[in-house]
Amino acid sequence: MKCRQAQELMGAYLYGDLSPEEMRDLRLHTLECAVCREDLAARGRVVSSLSDATPKLSDEERQRIAWSVKGAVTRRRFEERPLIVRLAPAVALAVAVLVAGFALGRVTPQVGKNAAAREPTKQDVVSQAQVEVTEKTPPAETKIDEAAAKKALAALQLLDSMKSLGAINVPNRSEASGSRGIQERSRSAPQPESAVKMSSEPKTGPRNPLTPDVTTASSSSPPKDFAEPSDKTEMVTDQSRLPKVTDPKNAETIPSESQ
Amino acid sequence: MQQTGAAVSEDGVLIARFQNGEAEAFDRLMAIHADKVFALAWGVLQNREDALDATQEVFIKLHGALARFSASDNLNAWLYRVCLNHCIDRKRRSRWTSAEMSDEDWERLQGSESDDPEFRAYQSETARIIRAAVDRLPERQRLVFILRHYKLLTINEIAQALGCTPGAVKAHLSRATAYLRDRLKGTVILESSEVD
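Chains as they are written, first to last, in the working numbering: chain A, 1 to 259; chain B, 1 to 196.
Hints in this document: simulated from the structure, not taken from any laboratory.
Please read these numbers as outputs of a predicted model, since none were measured by experiment.
We put the CB at the ideal spot given by N, CA and C, even for glycine.
Below, a list of computed lysine-lysine pairs in the DSSO-like style, where the Cα atoms sit at most 27 Å apart:
1) B:36 / A:56
2) A:2 / B:185
3) A:56 / B:61
Some chain A residues well away from chain B (every beta-carbon gap over 10 Å; in silico):
4) 28
5) 32
6) 85
7) 92
8) 93
9) 94
10) 151
Can you build the whole structure from these sequences, using the hints too?
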């Protein structure tokens, strides 16, 4: 082997890439040639001073590569499909939207009509409910007035009994009573001074204009007037003053005095 | 990089499973070959990020080609050829501007695990000198030297990938080592020989 041939094989020799025959021939030559021997030693030092470690993939890099490859493969599969297949989902979606829009367009006017027809019904229901609630739950003031009216009725009963006993002089009921309510009667009918004097003056002092009206309303007739809702407000106004006349103390004292 | 019979058979089995519709077989193939492909890409491109991108590209190509593989095909040779061609093409497109290894890559390759600061400094200086010398190698010599030095491919695989004879690969390798010897003459690496 000549020096030129030996130098051509030195690189492969350092990495063990020579055949056994080539390796033997090169070794024999380096034993005989000092230049080639030194040349091979120098190359060996260069190669051995450079590590042959290769970089390794980290787990994160390995995952990154796997995901990137999968993503690219998926995209390529999609792109390789025929155009009609690729567009199929979009076309299906568009058709679905159109059908839905058409169906909605047909339904919406009916819905509008139905809604228009139903709206008053709802309002009616609400207003009706409000009316019912109002009727079922009268104001507290009304309850108080009804209680006062009961007391007035009790007083009327007492007056009737006193009249029947002749303790007091009361005008004829037919003169004062009629189709008019208590309020009207109290305003229009002339107040019998004697009855007022007999019933209230001795105990309550000043004359009460309602007294005659109360006395004329017998125990059998008043429910008609109290049951009238239209007169309720007026009744409240009138009856708010009734307790003064039909004070339980007075109501109790009168019969005792008459007796 | 020598593939064993077991590896061949495992590759063949995985390829057959993939061709029968098992997508998981491809994941397994990636797990087996990713490190080698990455190392090869890194050896050529000498840049970690570029090597990662190249590894992805190679496996994307493999996924498209795997359906046409037969049991007798050598998956290793196919992978390295595709990877090498891809990296060389990439490097040519970038006009070798990113050919130089980073300091981090070279220090990692030098494997400086010693705790002796003096020795570490020596290693660091050695790595810097060798890096500069390798970077100045002619393109094909550098490629062959890196592929062989890092045991990424055998002589025959390199010849197959580069489209030349094994004798030509051996000659490239010898010229590369001769160039490095000349470049490193007078440095700390070869000063002992000069003394002699």
